[in-house]
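Residues in the sequence shown are numbered from 1 upward in steps of one, following the numbering used here.
Quick caveat, the hints were computed from the structure, so don't treat them as lab data. Heads up, a few of these hints could be off.
As the list claims (entries may be wrong) - Computed beta-carbon distance windows for the label pairs: (1) T6 <-> F74: 17 to 27 Å; (2) G77 <-> S152: 38 to 48 Å; (3) K16 <-> R89: 18 to 28 Å; (4) C97 <-> E35: 16 to 26 Å; (5) E188 <-> E35: 29 to 39 Å.
None of the values given here were measured: they were computed from a predicted structure. A virtual CB, placed ideally from N, CA and C, is assigned to each residue, including glycine.
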Amino acid sequence: MLEFLTEQDYRTTPWKNGRGVTEDVLLLPQGATHENFDIRISRAPIVDESQFSPFPGIDRTITRLGENPLVLRFEDGEEVALGHLSPYRFDSASAPCSQLPGGASQVMNVMTRRGRWSARVAVVGNSDGGSMSVPLGGLLVVHAVRGECIASPGRIDAGETLIVRDVARVDIAPGRDSVCLVAAFEPETRA
């Protein structure tokens, strides 16, 4: 089963801490909120240095989409400079503070409820295309960050998302100078 989402399908909501907004690309199960989701994918501009909202029991993979640097500073003093288009996973209960040494940036978050779902996140460029497995009982989400992405049997443009269920494999071929973020979700228990 394939589901195509465009930017008109995404929902903009304020952050829990009130310091910004996020665009929910996908929130599951259907009807879930920011308090009870099992899977959440969102995009957000980070325009001010502030503390992330804590989400206990949630694993978060954050990917910096913006060109400007973004540093996460954790309570234990650890600092992580997020690489451009390099996914970084952490426990969302830790709620790091953001530092913006070069000004505002943009991120994509992939979040899963621990014990129910796990996610593997990869960034695929035009030289990285190939075939990806859809986890049994899970789903594969392809988001076109830049340019177009062919994800058989569909095509999405920048900002659009393809959700794939009940298909064993998906061939992904980003167009020239294109970048796609791919998240494979696998159930840890039958949700």
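Here is what the structure says about each hint:
no., hint, verdict
1, T6 <-> F74: 17 to 27 Å, "35 Å, violated"
2, G77 <-> S152: 38 to 48 Å, "46 Å, holds"
3, K16 <-> R89: 18 to 28 Å, "20 Å, holds"
4, C97 <-> E35: 16 to 26 Å, "22 Å, holds"
5, E188 <-> E35: 29 to 39 Å, "20 Å, violated"
The structure is inconsistent with the numbered hints 1, 5, although it conforms to all the rest.
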